[in-house]
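Asks: For the record, the sequence lines run as chains A and B. Residue 98 in the numbering used here sits at position 98 of the first sequence, and the numbers go up by one each step. Residue 135 in the numbering used here sits at position 135 of the second sequence, and the numbers go up by one each step.
Do not take every clue at face value.
Which copy is meant is left open, so a pair is good if it fits within one copy or across any two.
As the list claims (entries may be wrong) - Here are the simulated lysine to any residue pairs, SDA-like style, with alpha carbons at most 20 Å apart:
1) K45 to Y169
2) K140 to D26
3) K45 to P170
4) K72 to S163
5) K72 to F180
6) K45 to Q172
7) K87 to G166
8) K87 to D74
9) K72 to L21
10) K45 to D73
11) K45 to S192
12) K87 to G147
13) K87 to C18
14) K45 to P24
15) K45 to F180
16) K45 to R141
17) K45 to L209
18) K87 to N135
Think of the hints as simulated: they come from the structure by calculation, not from any bench.
Okay, here's what each chain looks like letter by letter:
Number of protein chains: 2
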Amino acid sequence: MNNQRICAILAGGPEAGCLCLPVPEDAYIICADSGLHLAETLSLKPDLVLGDFDSLGAVPESLPHMTVPVEKDDTDTLLAARTALEKGFRDIRIYGAFGGRLDHTLANLQTLEFLRDAGADAVLIGTGNLAFLMNSGETKRIPQREGWSLSLFAWSQECTGVSASGVYYPLQNGTLTRAFPLGVSNRITADSAEITCGSGRLLVICSRL
Amino acid sequence: MNNQRICAILAGGPEAGCLCLPVPEDAYIICADSGLHLAETLSLKPDLVLGDFDSLGAVPESLPHMTVPVEKDDTDTLLAARTALEKGFRDIRIYGAFGGRLDHTLANLQTLEFLRDAGADAVLIGTGNLAFLMNSGETKRIPQREGWSLSLFAWSQECTGVSASGVYYPLQNGTLTRAFPLGVSNRITADSAEITCGSGRLLVICSRL
Numbered sequence: 001m002n003n004q005r006i007c008a009i010l011a012g013g014p015e016a017g018c019l020c021l022p023v024p025e026d027a028y029i030i031c032a033d034s035g036l037h038l039a040e041t042l043s044l045k046p047d048l049v050l051g052d053f054d055s056l057g058a059v060p061e062s063l064p065h066m067t068v069p070v071e072k073d074d075t076d077t078l079l080a081a082r083t084a085l086e087k088g089f090r091d092i093r094i095y096g097a098f099g100g101r102l103d104h105t106l107a108n109l110q111t112l113e114f115l116r117d118a119g120a121d122a123v124l125i126g127t128g129n130l131a132f133l134m135n136s137g138e139t140k141r142i143p144q145r146e147g148w149s150l151s152l153f154a155w156s157q158e159c160t161g162v163s164a165s166g167v168y169y170p171l172q173n174g175t176l177t178r179a180f181p182l183g184v185s186n187r188i189t190a191d192s193a194e195i196t197c198g199s200g201r202l203l204v205i206c207s208r209l
Numbered sequence: 001m002n003n004q005r006i007c008a009i010l011a012g013g014p015e016a017g018c019l020c021l022p023v024p025e026d027a028y029i030i031c032a033d034s035g036l037h038l039a040e041t042l043s044l045k046p047d048l049v050l051g052d053f054d055s056l057g058a059v060p061e062s063l064p065h066m067t068v069p070v071e072k073d074d075t076d077t078l079l080a081a082r083t084a085l086e087k088g089f090r091d092i093r094i095y096g097a098f099g100g101r102l103d104h105t106l107a108n109l110q111t112l113e114f115l116r117d118a119g120a121d122a123v124l125i126g127t128g129n130l131a132f133l134m135n136s137g138e139t140k141r142i143p144q145r146e147g148w149s150l151s152l153f154a155w156s157q158e159c160t161g162v163s164a165s166g167v168y169y170p171l172q173n174g175t176l177t178r179a180f181p182l183g184v185s186n187r188i189t190a191d192s193a194e195i196t197c198g199s200g201r202l203l204v205i206c207s208r209l
């Protein structure tokens, strides 16, 4: 059942190869267009390559692939996310989404929201950054990692009931707003941090210092 | 009157020197901590240097400066933005805010919102990216620039009445949502694009292709 299996989407960002978390061995791998380069760098065999292949320059005929028009509403990564949902995946990890243009980064963050709205768990994983969105009422544990920061942002206009423990600047039932980046550059001091989002949608970013 | 004068905030991002728009000659210049390096690279004389000076390593005694505690709620850039508002500036441009950690980029985008909420015009200017937020009912003209893309994102949950003309993919009275990055990688085909945001808050990003 795909809803029990991880789907790894390899995006076409310029971050080449050195990911902060590995692609799980048994993941179903979708390459979003030039994300195929990342698969090659990581010696991973794609289960599906999709896109308009404009950034790749050629259709990868020897691999399972799906060609879409160049002029479309979806970005390649959003298209891959939509395909993952259609195949029943609910644990979706997008690799190589950072390090490029700001518009691509924003589109990838919005793809997280698209996936969460559709009921999936989703995370963006890069070389020096990792990001995910938390829903109202969720609690997550984040393992400590030497040399990394932990930052919390209101992604919706406001997040209330935000708590963070196991961190240098703890927060208890706090409110974050989109106009006040209060939760930047915290760090995990215990084995793991526990983050709760009471209401709203909270953006969690771990960055390498 | 400061409300007629531009305030340039130089942030401490790793983008060194090669900005896509220059700092206006008569701007009031605030360096946010290690943003002082950017001032030095650009041969600009700061009117004020502020921060905890942890990233600089030393207090710049020979320059007008304001030292703040290392452990504070504001990021250095938000502190500079707050100071600019207190001094009466309403046209605030933040330089060198991109190219570093994703948490810093998000904090800088949220600083835009802080400034817009306070009634100021604000823009983030980097080497290969430029970003600003539009309020409900606003229309902006954006000059065409060879080799740059134009992307529109709902920064609030939804933006309605979004129009874009003078672009390859025009939009008339459209709706953007935060979960669907529809407006990515458009390009300006006329001398300038005209963008209107009917309701909500629209994030406009220009990125070098």
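Asks: Decide, hint by hint, whether the structure agrees.
Replies: Against the structure, the hints come out as follows:
1. K45 to Y169: neither (42 Å within a copy, 35 Å between copies)
2. K140 to D26: Neither: 24 Å inside a chain and 49 Å across chains, both beyond 20 Å.
3. K45 to P170: Neither. Shortest intra-copy (42 Å) and inter-copy (39 Å) distances fail the 20 Å Cα cut-off.
4. K72 to S163: between (40 Å within a copy, 18 Å between copies)
5. K72 to F180: This pair counts as between: shortest inter-copy Cα distance 13 Å, intra-copy 35 Å.
6. K45 to Q172: Answer is neither: 45 Å inside a copy and 43 Å across each miss the 20 Å cutoff.
7. K87 to G166: neither (37 Å within a copy, 39 Å between copies)
8. K87 to D74: within (17 Å within a copy, 44 Å between copies)
9. K72 to L21: Result: close neither inside a copy nor across copies, 31 Å intra and 31 Å inter.
10. K45 to D73: neither (28 Å within a copy, 46 Å between copies)
11. K45 to S192: neither (33 Å within a copy, 45 Å between copies)
12. K87 to G147: neither (37 Å within a copy, 37 Å between copies)
13. K87 to C18: So K87 and C18 fail the 20 Å test inside a copy (28 Å) and across (45 Å) alike.
14. K45 to P24: within (12 Å within a copy, 51 Å between copies)
15. K45 to F180: Neither, since 43 Å and 29 Å both go past 20 Å.
16. K45 to R141: Answer is neither; intra-copy 31 Å and inter-copy 46 Å both fail.
17. K45 to L209: neither (32 Å within a copy, 29 Å between copies)
18. K87 to N135: neither (23 Å within a copy, 39 Å between copies)
Of the hints listed earlier, those the structure fails to meet are numbers 1, 2, 3, 6, 7, 9, 10, 11, 12, 13, 15, 16, 17 and 18, in rising order.
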